[in-house]
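Based on these hints, arrange chain D on the given structure of chain W.
Going line by line, the protein sequences match chains W and D. For my numbering, count along the first sequence from 1 and bump the result up by 2. For my numbering, count along the second sequence from 1 and bump the result up by 6.
No lab work stands behind these hints, which were simulated from the structure alone. Note that beta-carbon positions come from the ideal geometry of N, C-alpha and C, so glycine has one too. Check before you lean on any hint, since a few could be wrong.
In silico DMTMM-like cross-links for lysine to aspartate or glutamate, where the CA-CA straight-line distance does not exceed 25 Å [what the hints assert, rightly or not]: (1) LYS236/D - GLU174/W; (2) LYS266/W - GLU56/D; (3) LYS237/W - GLU56/D; (4) LYS159/D - ASP60/W.
Sample of chain D residues with no beta-carbon within 12 Å of chain W, all distances over it, derived [as the list claims (entries may be wrong)]: (5) MET26; (6) ASP34; (7) ARG38; (8) MET87; (9) HIS96; (10) GLN99; (11) GLU115; (12) ILE129; (13) ASP139; (14) HIS177; (15) GLN178; (16) LYS236.
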Amino acid sequence: MSAISLNNITKTYNKGTVLAIDDISFDIEKGEIFGLIGPDGAGKTSIFRILTTLLLPDKGTATVVGNDVVKDYKKIRGIVGYMPGRFSLYQDLTVEENLNFFATVFGTTVKENYENIKDIYVQLEPFKDRRAGKLSGGMKQKLALCCALVHKPEVLFLDEPTTGVDVVSRKEFWEMLKRLKEQGITIMVSTSYMDEATLCDRIALIIGGKILSMDTPDKIVQAYPEKLYAIKSPKMHQLIRDIRSNDSILNCYASGEFIHLSFKEEGKDNETSLKKYLEDKGQTDIVFKPTTPTVEDCFIRLLSVNSEQRIVNSEQ
Amino acid sequence: MNVFCFALFTIHCSLFTEFMETVIKTKDLTKRFGDFVAVDKITFDVQKGEIFGFLGANGAGKTTAMRMLCGLSRPTSGEAMVAGIDVYHHPEQIKKNIGYMSQKFSLYEDLTVLENIKFYAGIYGLTDKQIKDKSDELVQKLGLQNQVNILVKSLPLGWRQKLSFSVAIVHQPKIVFLDEPTGGVDPTTRKQFWDMIYDASEQGITIFVTTHYLDEAEYCDRICIMVDGKIDALDTPSQLKKSFNVDNITEVFYLLARKAKRSDN
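Isolated chain W (complex conformation) (with noise of 0.2 Å):
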């Protein structure tokens, strides 16, 4: 039995016009790290909801953990964790009231449950009298983990729980999440980071409310179609313009201290005639040479053949 499965599902808003799922089947196996990884008006939070009873689907059918989520849904709610995105507890109670409060509404106290969330809580504990609101971002998701936790659910449900989060503490919470995966909790996570993508153990890339990839990050990058290269030269603003005024170009972004690009059309000369385009547009010092897709490549290259689709997504 999955941990949670998915079958046709479909969700629309506003009397039908807003097609946010588009018959969506999946499942994730108990104790998987599932990621969902896709832009703004996807369709990644109206899964989330729907998962955790909070809306109904059109149409379909899904289980949590074999219950389903419209006949089951108050079986559903006692063994779910949920994060909905951004900080989503009482800013005027303390680190101590908001556990406490979370514990009692799942039946439970913190005392009878400290030890799923200790790992957690030791970092929070120096500041229990702190209101929830005066806490830094990390912190506060950690706050947040911890009530989501607390009465030992069986699937965590996360959305974008790292948003606004710096390097380090977001380090320090996937460490969480790993360690949360031993104990068998199945985790789906939804996030923008695609550093963290690598982190699952597989993600499904969602655009438009459709799932246009889904397998482990490692397999969706050795399926990237055209090979990449990196560019990068001193004059890193005018390069990504230069480059994208050359004809034989499909795709052109900036990556980190490179620009990234792959070619209409492969070919031995592409490298040459792309220098010397360059060279004749006033660049020097040009750095070549093919690069390994990362996730974020595979989702830049998804999106941008499915731009139709996001167009539709934003007049809605």
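For chain D alone, kept in the frame of chain W given last:
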């Protein structure tokens, strides 16, 4: 011939000086809240047209520093000059010369796209004709012709961010402060956003940006990393990587932030 050379030389120097204008200058800038030193004697300057990245863990003092530079918070001690204006004596003047965009507040969600553009352009002192021209220009540039009368809250996040940035520079300010402008936005939209930042920089607008996406740190001309209220690193991305002997900014950040004592406000 000599006069000609001298004239060229003078023109070159004046252009050079124009190009090298300092738009932000601080010296031992400090902010205390009681016993707590949020910003501890920071000294740096930013040149016109630079894209200056301001990084640090939550609680490091970035937002406090930025608020002082925007004229929103009076420093405890030290000096700061922004767009030629002293932050102690004329904080209100600073606001006229800068743009500001943050995650928490950017546009009015209950107003339409067009209403927001007109509202901000009006506040920044543009004439009616300028407002009309700028609105048309912005709408064209962002491709929002079909969305002008849509409430901003119905726009996807990425489009809102791009609109917000355009509105923050509608009055061609000397400096624009961006506080985590691309949080939660997909990679493609983030890159489009950075294209807009490059354009603005080329027009001579100085960009002061904080971000948690460390790949974005690479797009900056120089970056500054704050740890426990102090500046622990300030250089071009490539120099920083060389001096820490690593190949990406994330590693630089870890090496510095790991020794931070503060992780909280």
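Verification of the hints:
Pair hint LYS236/D plus GLU174/W holds up; C-alpha atoms about 23 Å apart against a cutoff of 25 Å. Under the criterion of a C-alpha separation no larger than 25 Å, the hint pairing LYS266/W with GLU56/D is inconsistent with the structure, at around 34 Å. For the suggested pair LYS237/W and GLU56/D, the alpha carbons sit about 14 Å apart, so the restraint of at most 25 Å is met. Simply put, LYS159/D and ASP60/W have alpha-carbon atoms about 24 Å apart, close enough for the 25 Å limit, and the pair holds.
For MET26/D, the condition that its CB be more than 12 Å from all CB atoms of chain W holds, with the nearest at approximately 18 Å. For ASP34/D, the non-interface assignment is confirmed: its Cβ lies about 25 Å from the closest Cβ of chain W, beyond the 12 Å cut-off. For ARG38/D, the shortest C-beta to C-beta distance to chain W comes to about 18 Å, beyond the 12 Å cut-off, and the non-interface label holds. Here MET87/D stays apart from chain W, with its beta-carbon at least about 27 Å from theirs, past the 12 Å limit.
Its beta-carbon lying about 32 Å from the closest one in chain W, HIS96/D satisfies the requirement of being farther than 12 Å from that chain. The Cβ of GLN99/D sits about 31 Å from the closest Cβ of chain W, beyond the 12 Å cut-off, so the non-interface label holds. No Cβ of chain W approaches the Cβ of GLU115/D within 12 Å, the least distance being about 15 Å, so the stated non-interface status holds. Under the 12 Å C-beta cut-off, the non-interface status given to ILE129/D relative to chain W holds; the minimum distance is some 26 Å.
Separation of ASP139/D from chain W is adequate, the least Cβ-Cβ distance of about 25 Å exceeding the 12 Å criterion. Every CB of chain W is more than 12 Å from the CB of HIS177/D (nearest about 23 Å), matching its label as outside the interface. In this structure GLN178/D is separated from chain W by more than 12 Å, as the shortest Cβ-Cβ distance comes to about 19 Å. The claim that LYS236/D is not at the interface with chain W holds, since no C-beta of that chain comes within 12 Å of its own (minimum 16 Å).
Checked against the numbered hints above, the structure breaks only hint 2 and satisfies the rest.
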